[in-house]
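Chain residues, written in single-letter form:
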Amino acid sequence: MTEDEQDIQKTPRTLAELVALAEALIFVADEPVTTKLLAEVLDEERDSVKAAIEELVREYESRESGLQIREIAGGWQLATRTELHEDVRKFLKTRPSAKLSLASLETLAVIAYKQPVTVPEILEIRGVQSASAIRTLLDKRLIVAKGRKETVGRPMQYGTSKDFLVQFGLRDLTELPSIEDFEDLVS
Amino acid sequence: MNEQPDQFTFDFHQSTAQIVGTSDDLKIKIGDFAGPLDLLLFLIRQEQANIFDIPIASITQKYLDYIRLMKRLDIAVAADFLVMAATLIEIKSRMLLPRDPFVGEEEEIEDPRQELVDRLLEYEQFKSAAGMLYERSTIEQAIFKRGPIESDDNNAEIDASVFDLLTVFQKIVARHVDEIKMEIHREEVSLADMLRTLKSRLSVTGEINMLTFFGEMHSKRELVTAFIAVLEIVRSEGVKLIQGTTFGDIILRKVS
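From first to last, the protein sequence lines stand for chains A and H.
Going left to right, the first sequence walks through residues 959 to 1145 as the working numbering numbers them.
Going left to right, the second sequence walks through residues 6 to 261 as the working numbering numbers them.
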């Protein structure tokens, strides 16, 4: 038994094997799985795992699969293709969930770009009280408390959560277009 | 397939506010402005005015008209809208003031509108960013992940913070309040029952101390029933009420 195991350990996996393993693990993971975690579990170099995932992504794309391997919230995820949403929804008998209100979206935008940010700072930018919007965002776990600011009154600071990345399809915060890019629209 | 409830038809771009009609017209539609800055931007755009050179007098007028319309329709005007109204009026009056003659020609006097313009520009950036987020979430909702498999449920306890605990605790407390509100059914004791009790006790012990007997009662209602039962038994049966000393205990005794 132990000899067999050692044998398997010694024989390096082929790319095809790694691709298959990565696919299997991404499939069973219930949330985006990182390259680092895959490398640890498979006891492989991170680079080879990364190469395998890239190959996997290419495979799905080349055969125009109904599924896609996408990078999200710092990890990899298996999901259906956007174009298929109507039929998928018909099958699942679901509807798009309720959208955030205008006020909540604005508040979220301010928090996403200015984090960590306090309630008074959000008020300054939006020109309107945002307490209920903040509560909604906290309930939906899109934002989290990020400690207190060491100023008068020690106000609570807020930032975006991992759920925010997942729900808005972001790899990480740097994927957000820079706030200055929106300046061009103002004219 | 196309029939969807209202809440799902919210469209970020279409829902940008609009004001239609006056109070004389029954068809009044007031857009949902996200705040005073949002309203102000809308008015500036409606006037097709340059944001860097806001015609402050007419915009202020329009802004105040809108607030009056809201009030006439009995819509609670948020304090933030009133703060903006005050700011606009202040800027308007500052612009009407003549230039301070003691300030030298070469010295720059800041445009009273500058701070407001800066705020509007910054706000507009975040408004656009909110639109971007809206689009991203729409796209994201068109993507489906596989449903949870068995092991997923087993991991549920890992992902709980102090706030989750607090939320659960609050729910429990709330449920508890409901329980307390539950109606408690009191035991109804009839006069017949009370008489039966009295008679059987009397036949066993021969006499009953009234003070202890009444002391056994749990409610006013029981007490009253017990009192009537005693009066009844004294009237109809071979029993007597005896008081040994003045202000002493009253004893119900069987006499043969």
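One or more hints might be untrue.
Listed next, with one range per pair, are the computed distances between beta-carbon atoms [claimed, not checked]:
id	chain 1	residue 1	chain 2	residue 2	range
1	A	Ser-1059	H	Arg-180	42 to 52 Å
2	H	Val-167	A	Arg-1047	48 to 58 Å
3	A	Glu-1108	H	Gln-119	26 to 36 Å
In the BS3-like style, the derived pairs of lysine-lysine whose C-alpha atoms are separated by at most 25 Å in a straight line are [to be verified]:
id	chain 1	residue 1	chain 2	residue 2
4	A	Lys-1098	A	Lys-1057
5	A	Lys-1008	A	Lys-994
6	A	Lys-1120	A	Lys-1098
7	H	Lys-150	H	Lys-176
8	H	Lys-259	H	Lys-204
9	A	Lys-1057	H	Lys-150
10	H	Lys-176	A	Lys-994
11	A	Lys-1120	A	Lys-1008
12	A	Lys-1051	A	Lys-1072
13	H	Lys-259	A	Lys-1098
14	A	Lys-1008	H	Lys-150
15	H	Lys-176	H	Lys-204
16	H	Lys-150	H	Lys-204
17	A	Lys-1051	A	Lys-1098
18	H	Lys-67	A	Lys-1098
19	A	Lys-1072	A	Lys-1120
20	A	Lys-1120	H	Lys-150
21	A	Lys-1051	H	Lys-176
22	H	Lys-150	A	Lys-1048
Simulated from the structure, these hints should not be mistaken for laboratory data.
Since the model is a prediction, treat every value here as computed from it, not as a measurement.
Even for Gly, the Cβ is constructed at its ideal location relative to N, Cα and C.
Hints, one by one, checked against the model:
1. For the pair A/Ser-1059 and H/Arg-180, the supplied restraint of 42 to 52 Å is violated, since their beta-carbon distance comes to about 29 Å.
2. Separated by about 37 Å at the C-beta atoms, H/Val-167 and A/Arg-1047 break the suggested range of 48 to 58 Å.
3. Distance hint for A/Glu-1108 and H/Gln-119: a CB-CB separation of about 31 Å, consistent with the stated range 26 to 36 Å.
4. The hinted pair formed by A/Lys-1098 and A/Lys-1057 meets the criterion: a straight-line CA distance of about 11 Å does not exceed 25 Å.
5. Among the hinted pairs, A/Lys-1008 with A/Lys-994 is consistent with the structure: their alpha-carbon atoms are about 9 Å apart, no more than 25 Å.
6. Proposed proximity of A/Lys-1120 and A/Lys-1098 is supported: the alpha carbons are some 12 Å apart, at most 25 Å.
7. Between H/Lys-150 and H/Lys-176, the direct Cα distance comes to roughly 31 Å. Violation of the 25 Å bound is thereby established for this hinted pair.
8. At most 25 Å may separate the alpha-carbon atoms for a hinted pair to count; H/Lys-259 and H/Lys-204 meet this at roughly 10 Å.
9. With a CA separation close to 19 Å, the supplied pair A/Lys-1057 and H/Lys-150 stays within the 25 Å bound.
10. Restraint check for H/Lys-176 and A/Lys-994: not satisfied, since their Cα atoms lie roughly 39 Å apart, outside the 25 Å limit.
11. For the proposed pair A/Lys-1120 and A/Lys-1008, the alpha carbon gap of about 22 Å is at most 25 Å, so the pair holds.
12. Restraint check for A/Lys-1051 and A/Lys-1072: not satisfied, since their Cα atoms lie roughly 38 Å apart, outside the 25 Å limit.
13. Of the pairs offered as hints, the one joining H/Lys-259 and A/Lys-1098 is violated, with about 76 Å between alpha carbons and a cut-off of 25 Å exceeded.
14. Only pairs whose Cα atoms come within 25 Å are accepted, and A/Lys-1008 paired with H/Lys-150 is accepted, the gap being roughly 21 Å.
15. The hinted pair formed by H/Lys-176 and H/Lys-204 fails the criterion: a straight-line CA distance of about 52 Å is larger than 25 Å.
16. This hinted pair does not check out: H/Lys-150 and H/Lys-204 have alpha carbons roughly 77 Å apart, beyond 25 Å.
17. Of the supplied pair hints, the one linking A/Lys-1051 and A/Lys-1098 holds, its CA atoms being roughly 23 Å apart against a limit of 25 Å.
18. Distance check on the hinted pair: H/Lys-67 and A/Lys-1098 sit about 37 Å apart at the alpha-carbon level, beyond 25 Å; violated.
19. A threshold of 25 Å between alpha carbons decides the hint, and for A/Lys-1072 with A/Lys-1120 the separation of about 16 Å falls inside it, so the pair holds.
20. Only pairs whose Cα atoms come within 25 Å are accepted, and A/Lys-1120 paired with H/Lys-150 is accepted, the gap being roughly 16 Å.
21. Between A/Lys-1051 and H/Lys-176 the CA atoms are separated by roughly 31 Å; this puts the pair beyond 25 Å, and the hint is violated.
22. Distance check on the hinted pair: H/Lys-150 and A/Lys-1048 sit about 15 Å apart at the alpha-carbon level, within 25 Å; holds.
The structure does not agree with the numbered hints 1, 2, 7, 10, 12, 13, 15, 16, 18 and 21 stated previously, though it agrees with the rest.
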